[in-house]
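Protein chains: 2
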Amino acid sequence: MASTLAHLVNHQVRLAARPSGLPVAGDWQFTEEPVAEPAEGGVLVKTLALSLDPAMRGWMNEGKSYIAPVGIGEVMRAGGVGVVVASKAPGFAAGDHVSGTLGVQEYCLVPAEQLRRSGLAKIDLRLGTVTQWLNVLGMPGMTGYFGLMDVGQPKAGETVVISGAAGAVGQTVGQIAKLRGCRVVGIAGGQAKCDWVVQELGFDACIDYKGGSVKDGLKQHCPNGIDIYFDNVGGEILDTVLTRINRKARIIICGAISQYNNTTPVQGPKNYLSLLVNRARMEGIVVFDYADRYHLAIAEMAGHLQAGRMKSKEDVVTGGVAAFPGTLGKLFTGENFGKLVLQVAEA
Amino acid sequence: MASTLAHLVNHQVRLAARPSGLPVAGDWQFTEEPVAEPAEGGVLVKTLALSLDPAMRGWMNEGKSYIAPVGIGEVMRAGGVGVVVASKAPGFAAGDHVSGTLGVQEYCLVPAEQLRRSGLAKIDLRLGTVTQWLNVLGMPGMTGYFGLMDVGQPKAGETVVISGAAGAVGQTVGQIAKLRGCRVVGIAGGQAKCDWVVQELGFDACIDYKGGSVKDGLKQHCPNGIDIYFDNVGGEILDTVLTRINRKARIIICGAISQYNNTTPVQGPKNYLSLLVNRARMEGIVVFDYADRYHLAIAEMAGHLQAGRMKSKEDVVTGGVAAFPGTLGKLFTGENFGKLVLQVAEA
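Heads up: the protein sequence lines correspond to chains A and B, in order. Going by my numbering, the final residue of the first sequence carries number 491, and the count climbs one at a time with no gaps. Going by my numbering, the final residue of the second sequence carries number 491, and the count climbs one at a time with no gaps.
Everything labelled a hint here was simulated from the structure, so no lab data went into it. Any given hint could turn out to be false.
The list cannot tell twin chains apart, which means a pair is met if one copy fits it or any two copies do.
Claimed, not checked - In silico DSSO-like cross-links for lysine-lysine, where the CA-CA straight-line distance does not exceed 27 angstroms:
1) K414 to K359
2) K190 to K322
3) K392 to K299
4) K354 to K414
5) K208 to K363
6) K208 to K299
7) K414 to K208
8) K359 to K208
9) K455 to K208
10) K190 to K363
11) K474 to K457
12) K414 to K232
13) K392 to K208
14) K392 to K359
15) K474 to K392
16) K392 to K414
17) K474 to K190
18) K208 to K457
19) K457 to K190
Keep in mind it's a predicted model, so treat the numbers as computed, not measured.
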């Protein structure tokens with residue numbers, strides 16, 4: 145086995161500097177290393193595809209958050225799907241497909257003591273494709289599912305509004321809410337995305353925030369007000385939604401992509417007193433808290449996918465890890481259409 | 145009876161104009177009316193004392209809120225305690241003490257069809273004094289009690305921070321939290337108020353926001369972070385607290401007195417993404433939702449008062465309804481010390 149690996153080179157993308165605003169080329173460093181055998185208890189994984197997420201922008205900042213920042217000079221953190229090349233860990237064998245925190249690199253050597261922290265877990269490609277395992281069956285899907293179900297607690301007939309509706313989390317939230325009997329209204333950028341979530345995913349309506357007034361759209365499409373708002377964007381859209389929430393509404397704070405590259409302070413929701421008037425609740429979620437129940441959500445959603453009750457759209461970019469910096473930028477301009485995935489190797 | 149009432153004059157304060165910023169003299173109109181007998185099913189109440197509350201500022205604004213605005217030309221809305229002068233309603237007799245929405249006037253004629261809406265209810269002065277019935281046993285007490293217990297859900301050992309700590313709501317929240325075994329840290333304006341909540345009410349500490357840094361005070365007095373924040377003020381203090389909350393923290397939005405007289409937009413909490421990082425919750429409360437359980441809170445707190453486990457401080461201003469406009473202003477400068485009460489007649 146050692147001879148098989150000896151000729152392999154691991155290309156990596158490391159964080160070179162903490163960005164101010166949008167990340168630029170100089171914030172990244174490209175390195176290469178020889179690929180090494182795993183030691184006792186470790187696993188060597190070949191990366192097939194990486195998940196590109198808005199949360200990555202937060203990991204690049206210094207300071208306390210729900211997870212430690214990526215250190216300067218470290219391989220950029222990323223979730224991904226790969227295939228085990230060599231294993232000295234119980235439960236993993238060469239050829240197994242896995243998901244976990246692989247990092248922006250072609251090979252990920254996970255030592256025994258980091259197995260747990262990497263979240264490395266075997267996945268079953270009969271339940272979904274590699275890219276679906278990064279989307280509906282992966283972290284975005286888990287985020288959407290548990291955010292909606294646990295914090296939102298949707299009831300049939302309620303109105304659910306979702307920003308970033310065509311994004312990775314948004315598509316899960318909207319489809320699960322429809323399956324629960326809710327009225328679902330998305331907010332997305334551009335007519336193509338709006339058409340897709342309505343025509344393909346079955347949302348009741350979708351408001352193009354780039355092409356018109358969100359306020360007017362909510363007025364038109366939420367005649368009975370808003371019971372649940374799943375927020376991925378923050379900023380003006382959050383403020384507008386707050387003017388139309390119902391009594392006892394639930395607002396799930398999943399992200400605030402409109403604010404992540406700010407060089408000025410975050411814009412706080414100036415209409416937050418609507419929470420008081422409406423006895424409403426705004427609550428943050430972090431997906432890792434639900435790790436012990438991921439398998440339940442995966443089982444349900446894999447069933448929906450296979451039965452055609454749910455769809456999953458990924459925007460797959462090729463070019464390997466070298467394409468990472470340029471591809472990440474698409475998230476913040478809204479250029480991606482569906483869950484943004486970087487393909488690193490053929491499955 | 146008609147002859148007894150015929151010579152009585154009812155002095156009233158009416159809303160003449162919607163204020164911009166702090167209410168001014170021209171926003172009020174003084175009127176007088178003869179006092180009339182109640183018709184069948186109605187009650188005539190003589191006002192003894194009125195509750196002056198920050199929420200009154202909101203009632204003076206146009207627009208949808210949790211309660212309709214006071215109309216121009218209408219008697220200003222106010223909760224109060226009074227004594228029944230004449231009754232043609234079952235359950236009320238002359239001499240009964242009552243609380244309810246009496247308005248800023250010396251006599252309140254409540255017709256049958258408004259009995260329910262006025263919340264008129266008999267009170268027992270053996271459980272508390274007239275002013276205590278406007279404080280710990282009244283709306284502020286109910287607000288503090290149910291906001292803390294239902295939304296906050298305090299557990300022994302948790303740290304509870306309260307802004308407006310010496311105010312009507314704050315005193316209840318802090319004392320109930322202490323009785324539940326929490327560490328209680330107040331925020332109030334001025335050393336005298338801070339000393340009082342610590343020395344008289346038994347708070348563990350109190351931060352004088354006028355005399356020093358709230359940030360430093362929280363760092364010093366909340367070594368284990370903040371589990372519950374009961375917010376009466378909004379603005380900068382809310383933002384500062386958000387930087388120090390614990391995982392799964394609960395923030396009760398009861399009011400935002402720092403923002404009520406703004407002529408610029410409300411300042412939204414720019415650190416609201418701390419809710420995400422900490423999986424925390426911000427929730428608004430309106431006391432009326434708990435009306436069917438007021439009696440439980442009253443029973444508990446009257447017991448605490450009588451056993452000396454709880455104290456109640458009112459800032460009683462004399463001068464009758466004519467003194468209303470000037471007295472209301474004290475709330476917004478923080479001049480009042482304890483629950484602000486306007487005495488209208490001797491008990």
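Consistency of the hints with the structure:
Taking the shortest Cα distances, K414 and K359 sit within 27 angstroms of each other both inside one copy (15 angstroms) and across copies (22 angstroms). Proximity of K190 to K322 under the C-alpha cut-off of 27 angstroms is found in neither arrangement, the shortest distances being 37 angstroms within a copy and 56 angstroms between copies. When the C-alpha separation of K392 and K299 is checked against a cutoff of 27 angstroms, the pair qualifies both within a copy, at 12 angstroms, and between copies, at 24 angstroms. Proximity of K354 and K414 under a CA criterion of 27 angstroms is satisfied in both settings, with 22 angstroms inside one chain copy and 24 angstroms between copies.
Taking identical chains as interchangeable, the C-alpha atoms of K208 and K363 lie at most 27 angstroms apart only when they sit on different chains, with a minimum of 16 angstroms there against 39 angstroms within one chain. Only between protomers do K208 and K299 lie at most 27 angstroms apart by alpha-carbon distance; the minimum there is 26 angstroms, versus 35 angstroms within a single protomer. Taking CA atoms no more than 27 angstroms apart as the test, K414 paired with K208 passes in both settings, with 25 angstroms inside one copy and 16 angstroms between copies. In this assembly of identical chains, K359 and K208 lie within 27 angstroms of each other by CA distance solely across copies; the values are 17 angstroms between and 35 angstroms within a copy.
Proximity of K455 to K208 under the C-alpha cut-off of 27 angstroms is found in neither arrangement, the shortest distances being 36 angstroms within a copy and 40 angstroms between copies. Taking identical chains as interchangeable, the C-alpha atoms of K190 and K363 are never at most 27 angstroms apart, the minima being 49 angstroms within one chain and 46 angstroms between chains. Taking identical chains as interchangeable, the C-alpha atoms of K474 and K457 lie at most 27 angstroms apart only when both belong to the same chain, with a minimum of 16 angstroms there against 59 angstroms between chains. Proximity of K414 and K232 under a CA criterion of 27 angstroms is satisfied in neither setting, with 54 angstroms inside one chain copy and 48 angstroms between copies.
Only between protomers do K392 and K208 lie at most 27 angstroms apart by alpha-carbon distance; the minimum there is 16 angstroms, versus 31 angstroms within a single protomer. Within a single copy, K392 and K359 get their C-alpha atoms as close as 20 angstroms, which meets the 27 angstroms cut-off; across copies the closest is 32 angstroms, which misses it. In this homomeric assembly, K474 and K392 never come within 27 angstroms of each other (Cα to Cα): the closest approach is 36 angstroms inside a single copy and 33 angstroms across copies. In this homomeric assembly, K392 and K414 come within 27 angstroms of each other (Cα to Cα) both inside a single copy, at 19 angstroms, and across copies, at 23 angstroms.
For the identical chains of this complex, K474 and K190 are intra-copy neighbours only, at 25 angstroms inside a copy versus 69 angstroms across copies, given an alpha-carbon limit of 27 angstroms. Taking the closest pair of Cα atoms, K208 and K457 never come within 27 angstroms of each other, the shortest separation being 33 angstroms inside a single copy and 41 angstroms across copies. In the homo-oligomer, the alpha carbons of K457 and K190 lie at most 27 angstroms apart inside one protomer (24 angstroms), although the nearest pairing across protomers, at 69 angstroms, exceeds that limit.
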